[in-house]
Amino acid sequence: MDETIISKKEIPQQTEVDVVNQFTGERWYYSDIVKDHFFNPRNLLLKDPAEGEFDAYGMVGSPACGDVMTVWLKIDSESTRIKDLRWRTFGCGSAIAATSIFSVMVTEDGGRTIDEALGIKPQHIMERLGGLPNRKIHCSVLVDKAFHKAINDYFRKTGQFDKIMVAGSKVIDPKLNITDKDIEEAVLEGAVDLDGVQKKLKVGIGSPEIITEVEQLIRFYKEKYYG
Amino acid sequence: MEIKSIVKEVYLDHAATTYLDPRVKIVMEPYWEADFGNPAALYRPGRIAKDAVEGARATVAKIFNCRADDVIFTAGSTEADNLAIFGTARAHQHLGKHIITSAIEHHVIMNSLDAIKKEDFEVSFAPVDEEGILKLDELEKNIRPDTIIVSVMYANNEIGTIQPIAEIGKLIKRIREERKAAGNQTPIFFHSDAAQAAGFLDLDVQKLGVDLFVVSGSKIYGPKGIAAMFVRQGVRIKPIFYGGGQERNIRSGTESVPLIVGMAEALRLADEEREKESARLAELRDYLIKRLTTEIPKTILNGHPIKRLPNNVNVSVLDIEGEGVILYLDAEGIYISTGSACTSLTLDPSHVILALGRPYEHAHASLRFTLGKRTTKEDLDYVMEVLPRVVVKLRQISPLNLSMDQREVSHPEAFAGQGSRVKVGGKTYK
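The listed protein sequences correspond, in order, to chains A and B.
Under the working numbering, think of the first position of the first sequence as 1, with each following residue one higher.
Under the working numbering, think of the first position of the second sequence as 1001, with each following residue one higher.
Just to be clear, a hint being listed does not mean it is correct.
[Unchecked claim] Looking from chain B toward chain A, a few residues come up when the C-beta cut is under 10 Å (computed):
| hint | residue |
| --- | --- |
| 1 | W1032 |
| 2 | F1036 |
| 3 | P1039 |
| 4 | L1171 |
| 5 | E1247 |
| 6 | I1250 |
| 7 | G1253 |
| 8 | E1323 |
| 9 | I1326 |
| 10 | A1341 |
| 11 | Y1360 |
| 12 | A1363 |
| 13 | P1399 |
| 14 | S1410 |
| 15 | H1411 |
| 16 | E1413 |
No lab work stands behind these hints, which were simulated from the structure alone.
Beta carbons: idealized from backbone N, C-alpha and C, even for Gly.
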């Protein structure tokens, strides 16, 4: 049948099934590059970092399956090149491989600049990995998002508030570029009142007109997560 | 990448499926080519086939302790369970539209019940305790005057927990008597999927008090694609597909004689060797549990320590993710399974581990080892030689550091603002 020929073309050079779902029998395959990075991960953070050892930090979780990825960055402030990216990932084989290869892509050839690195999209990671099973993409390739978070953290720490990226959320504090998402995160981290949130975000300091809205959001997220 | 040649292979996924016992294969052999007749035919080859099917039915009936007429063969336990749910529910829906099941059923029941809700049936889930045992009082509380089916698996496929089926059977009997006294005409039927229990537990349907009972060929060293179902006299089942009216007009389609014969022989052998093999495996099971929980730090046994299948070991190795472990072990020739979201089609973590009141990280970290006929102590020693190394490596990769008694998601902030549907102890993070 033609169908089988087509499906064989879609997954070249892969003959071995890596994972078979126990309930559905669905199979998926990992490329040799994926396997290499899974079995020999690069740039892993081995020891917990000392205070101030890294310039920025970002963590993101996959809403689909619960995978969690964290990245730590060292950035050259003059050239904005990423001098080091270390990571840890709680997730499946492809999640680990995607994080590992991203760490290579960002730091190779003397390190990409922040702008160059932000240009790395999930499809570039996919290409470098030699492809991923379709339904594994959205949950595995989260490292670019963790990286964005870390870069925002860097901008915040270095006072470059105007550069903070706020895609997909609403800016609450225009001076510091703080979004509803940031406030949600602070609440989830355990800040349950304005004081607590301000300790983390400095939100509304210098902009008293937004305090009511911030307090409303804190109440909303507190209700949402802690009942 | 270094390509390792596999020196040893250890299959520890017998709950997924088993190999065919060579003795079963021999018994099946004549019915593929020599005695290929259709049991419905009146001439000699047909009669030979019919005799084989009826002989198989009698063999199964003997083990179930029921009449041969009460045994139905279907193409696998998924079909049988669907018949038990849809067939029974639809045939009696004018009398009641409420069904109860446990929170840790196999996907066949969960998804069937999800589908039947669209036919205006109501479904309740009876909770289990921290060790996965159904709470009988909660089950009883959930029974309503219009409840027509109670479906509880005999033993759980993931954590091996054995449910008090005979006690539930007694409860159902009492409810039936109470209804009779109250003039309530609504019948209540007790269905139990025994796919995992067969070969290890008593399958006497009279002692268990079940009305619908399902055993699969593929889990007992029999052929795949065949199951035997007990349907108690008086339980009406509306077919879910239509044809020539075979199997008491419940399950149409020409009988697969070799599979039916193989199924019966596999069940006969399983029952014959049940006690001896269960004792052997229980010892190996406890040996593996002890080594896992003492030699690998932060390893928690999932399920009940004693009320569990003799071949089931399920642990959560905290801070790591199951698919990664499976791939690392696969590279060393060890084959196991996990309740991690990463290996499920829906990307949902195991509902069974979550039903025990654990955070999703425990489901992600769950590893299931199911032993079988050919499993030896040496196999388990090999696992314990390889696994601790793999765990050390994967823990290095993981950013998590859960405490043993932690019941909350460790980094909810990581999911903020993404429309997350990570569930924790009944709480959904959105």
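Under the criterion of a CB-CB separation shorter than 10 Å, is F1036(B) in contact with chain A as hinted?
violated (27 Å)
Please check whether A1363(B) passes as an interface residue: C-beta within 10 Å of a C-beta belonging to chain A.
Given a least distance of 8 Å, the restraint on A1363(B) holds.
Return the status of the interface hint for A1341(B): holds when the least beta-carbon distance to chain A is below 10 Å, violated otherwise.
A1341(B) check passes; min Cβ-Cβ to chain A is 4 Å, inside 10 Å.
Hint validity - P1399(B) Cβ closer than 10 Å to any chain A Cβ
holds (4 Å)
Interface hint for I1326(B), Cβ within 10 Å of any Cβ on chain A:
Nearest chain A Cβ about 7 Å off; hint holds.
Return the status of the interface hint for Y1360(B): holds when the least beta-carbon distance to chain A is below 10 Å, violated otherwise.
holds (5 Å)
Report holds or violated for the interface hint on G1253(B), using the least CB-CB distance to chain A and a cut-off of 10 Å.
Violated. Min distance 22 Å.
Do the numbers back the hint for E1247(B), that is, is its least Cβ distance to chain A under 10 Å?
violated (26 Å)
Return the status of the interface hint for P1039(B): holds when the least beta-carbon distance to chain A is below 10 Å, violated otherwise.
violated (30 Å)
Using the nearest Cβ pair, does I1250(B) come within less than 10 Å of chain A?
violated (25 Å)
Would you settle whether the hint for E1323(B) is holds or violated, based on the nearest Cβ-Cβ distance to chain A being less than 10 Å?
Since chain A brings a Cβ to about 4 Å from E1323(B), closer than 10 Å, the hint holds.
Holds or violated: is there a CB of chain A closer than 10 Å to the CB of E1413(B)?
At 4 Å from the nearest chain A Cβ, E1413(B) passes the 10 Å test, so the hint holds.
In terms of the numbered hints stated before, the structure departs from hints 1, 2, 3, 4, 5, 6 and 7, listed from lowest to highest.
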